[in-house]
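Q: Here the structure of chain A is known, so what remains is to put chain B in place on it, guided by the hints.
Chain residues, written in single-letter form:
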Amino acid sequence: MVRSPVILLLLSCAAASLPASAEDGQWTMPAKDYAATRYSGLAQINAQNARSLHPLWTFSTGVLAGHEGQPLVVGETMYVVTPWPNVLYAFDLRKEGHPLRWKYRPDVSANALGVACCDAVNRGAFYADGRIVYNLLDGHTVAVDARSGRELWKTAIADLGNGETVTMAPLVVGDRVIVGASGGEFGIYGWLKALDLKTGNIAWTAHNLGPDRDMLASAGTFRPLYDGGVDVGAKSWAGDSWKTGGAPVWGWISYDPELDLIYYGTGNAAPYDAEVRVGDNKWSASVLARRPATGELVWAYQFTPHDNWDYDATGAMVLVDLTIAGKPVKALVHFDKNGFAYTLDRATGKVLVAAQFAPVNWAKSVDLATGRPVIDPARQTGVSKGKVMGVCPSLEGGVSPTSPPAYSPRTHLFYTSTNNLCMDYGAMHAAHLRATPYVGVDWAYHAGPGGHLGAFIAWDATTGTKAWENKESYPSWSGALVTAGDVAFYGTLDGWFKAVDARSGAVLSKFKVGSGVVGNPIAYRGPDGKEYVAIYAGIGGDWSLIAGDTRSDDPTDVREPADFMKDIARHTSQGGIVWIFGL
Amino acid sequence: MSGWRGTLLLLLSCAVLCSCARTAAPPAAAGSAAPPAVAYEAHVAAGGIAPAGGVLNNPHAGDAAVAKAGEELFHAMNCDGCHNLGAGGWVGPNLGDGRWRYGGADAEVFSSIYYGRPKGMPAFGGVLGAAGVWTLVTYLRSLPVPSNVPTESWEQP
Numbered sequence: 001m002v003r004s005p006v007i008l009l010l011l012s013c014a015a016a017s018l019p020a021s022a023e024d025g026q027w028t029m030p031a032k033d034y035a036a037t038r039y040s041g042l043a044q045i046n047a048q049n050a051r052s053l054h055p056l057w058t059f060s061t062g063v064l065a066g067h068e069g070q071p072l073v074v075g076e077t078m079y080v081v082t083p084w085p086n087v088l089y090a091f092d093l094r095k096e097g098h099p100l101r102w103k104y105r106p107d108v109s110a111n112a113l114g115v116a117c118c119d120a121v122n123r124g125a126f127y128a129d130g131r132i133v134y135n136l137l138d139g140h141t142v143a144v145d146a147r148s149g150r151e152l153w154k155t156a157i158a159d160l161g162n163g164e165t166v167t168m169a170p171l172v173v174g175d176r177v178i179v180g181a182s183g184g185e186f187g188i189y190g191w192l193k194a195l196d197l198k199t200g201n202i203a204w205t206a207h208n209l210g211p212d213r214d215m216l217a218s219a220g221t222f223r224p225l226y227d228g229g230v231d232v233g234a235k236s237w238a239g240d241s242w243k244t245g246g247a248p249v250w251g252w253i254s255y256d257p258e259l260d261l262i263y264y265g266t267g268n269a270a271p272y273d274a275e276v277r278v279g280d281n282k283w284s285a286s287v288l289a290r291r292p293a294t295g296e297l298v299w300a301y302q303f304t305p306h307d308n309w310d311y312d313a314t315g316a317m318v319l320v321d322l323t324i325a326g327k328p329v330k331a332l333v334h335f336d337k338n339g340f341a342y343t344l345d346r347a348t349g350k351v352l353v354a355a356q357f358a359p360v361n362w363a364k365s366v367d368l369a370t371g372r373p374v375i376d377p378a379r380q381t382g383v384s385k386g387k388v389m390g391v392c393p394s395l396e397g398g399v400s401p402t403s404p405p406a407y408s409p410r411t412h413l414f415y416t417s418t419n420n421l422c423m424d425y426g427a428m429h430a431a432h433l434r435a436t437p438y439v440g441v442d443w444a445y446h447a448g449p450g451g452h453l454g455a456f457i458a459w460d461a462t463t464g465t466k467a468w469e470n471k472e473s474y475p476s477w478s479g480a481l482v483t484a485g486d487v488a489f490y491g492t493l494d495g496w497f498k499a500v501d502a503r504s505g506a507v508l509s510k511f512k513v514g515s516g517v518v519g520n521p522i523a524y525r526g527p528d529g530k531e532y533v534a535i536y537a538g539i540g541g542d543w544s545l546i547a548g549d550t551r552s553d554d555p556t557d558v559r560e561p562a563d564f565m566k567d568i569a570r571h572t573s574q575g576g577i578v579w580i581f582g583l
Numbered sequence: 001m002s003g004w005r006g007t008l009l010l011l012l013s014c015a016v017l018c019s020c021a022r023t024a025a026p027p028a029a030a031g032s033a034a035p036p037a038v039a040y041e042a043h044v045a046a047g048g049i050a051p052a053g054g055v056l057n058n059p060h061a062g063d064a065a066v067a068k069a070g071e072e073l074f075h076a077m078n079c080d081g082c083h084n085l086g087a088g089g090w091v092g093p094n095l096g097d098g099r100w101r102y103g104g105a106d107a108e109v110f111s112s113i114y115y116g117r118p119k120g121m122p123a124f125g126g127v128l129g130a131a132g133v134w135t136l137v138t139y140l141r142s143l144p145v146p147s148n149v150p151t152e153s154w155e156q157p
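Listed in order, the protein sequences are those of chains A and B. The opening position of the first sequence corresponds to residue 1 in the working numbering, with each subsequent residue numbered one higher. The opening position of the second sequence corresponds to residue 1 in the working numbering, with each subsequent residue numbered one higher.
For reference, chain A alone in the conformation it holds in the complex (with noise of 0.2 Å):
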């Protein structure tokens, strides 16, 4: 743990530099700013033109599982991450056909095939003072000098032999590569860590739960606003269940500079059987606020206490200043696994929202004065309850945390892709045995009210209300992107691609992309001047799992479709291709 002062002058300076608000076109961290708006300022393609966009580019990454995460884009070069084994591409924009400049092809292990509970993928990489910087599945954080593709460093953060892995695309604040691990399917003590940029050594190591110690919790500085406590992230968990209580880093972190706070979700707590760890459960299924320079705790809110439905909460926290009830906040915007979204005040944690944006009967409300869901006893779960029928939502979420909302300044509005299911929950023993899955669940998923599996929406975070929703026929799994176009962007997992009006949500124009989307659009202006998106497709993630007949690549390996959607491999396969669309 580092407290000098010298590093928090470092970074009040880098926070004095950040990239202006005025659009520079490029897309150079994961979701195009530190606020994590996913907000293009760009406006060629608009929505009286965008009827006309076609595909002018693209290109296969010669890799099968689930491309989730996005491309960037750096000055006239384009940047992919694959899943395992996380082959780096850097294309020439300049160029037709755009060639590669190079390509990086870290020896990552096999053995992080067998540890990664659901899919070899990668959420994306973060452009930084010349440098490329990701994760790989086997626990290593790498930068690669984003000219030359050389290697500078690579730096082991994460434990296979712990059944750690790390699928999470890192956020660089200053000189600090902030980074955490998956795991919370293998009972992990979930951790952030911070890398010097320069060097690659580990600067501080924060873990999400157990002792105030081991947090990076003073009782000085730490101020949750609704539950505190000395070491409340030990004593809300039975005995020491919290060693292997997970909570891992799989998702988005955000960066308020002013604040000078970084923000992360927490995901679900370990074992699914919540009988063996009775109690809250601090912090998994929680939003945690820490200094970037140091890892100090700052303020932590559970949106699930004792999550017993696989709740994670490593969704986006998306930074907005918006207006409720005629008062300026500085909020975070958050849409939970849980079927609730929030709306913040990121200074403090304070709900000042809370409202469902999916089916969800779980808990009927969020009491504002305590922070706390009202629970429905029916829907808790446990080995002793045995199978729980038609809880909302399923254990993938109201939304995946896979897939982030973008935010229009223009509009007001929030867009966001949703999943319409619920799920019989079987809680079962599961034995804590190093490396191997510690889960423990017996589950089914069905569609939600109406029948339909998915949605895209366009949400109001100031009333906690829906502005707009487009039903899709499968769960929606896609990132979203909204522009000063007004044009908004997602992808579906059957296979479109998809442009809507950002005001009404209809749609102007679709093309089918080879597979399921599962990946989040960006756009960018081009060294021509002009304006493209780009987009993943390469269904995966759980859906490669779930719907294991969307396979074809092992012979030895025939599944049966998903019960609950039964033809999601009619309308595609597995297969990861990068796609620029344009005018």
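For the record, the hints were derived by calculation from the structure and aren't laboratory data.
In silico lysine-lysine, DSS-like type, Cα no more than 30 Å apart, as pairs: (1) A:K327 x A:K350; (2) B:K119 x A:K154; (3) A:K466 x A:K512; (4) B:K119 x A:K566.
A: Quick look at chain B alone, frame taken from chain A:
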């Protein structure tokens, strides 16, 4: 957590008592009865000459009671966390479709579980011993193989 451990120990001691399986796996010499230390993955022999290796026989082949114990062990050892309840496939492949990445003979399935495999299949030989592994093999080999595996059709017949 103690519940499953008790069951597991009971299963294991039972399996050990009734098993005559080998636990050691020294490097194979030509004509030796011992299996190779590292199981080979190819199933086509160059020149038509198979490498020498020991023969492993499942002491419980076809024993329904051991298969049942193996089903419980499949859950207790978290096999279902990767291969799904019923072994229908998740991150790890379907083990009930009659198709095998590393061979489906009892001895080949034994090697896969005992030594592990390169795409993330852990080696369970250390924690289970040969007796426990044979119990799992007996369960997996008892799964009914569906008859129409190759074709999935969305057309009305």
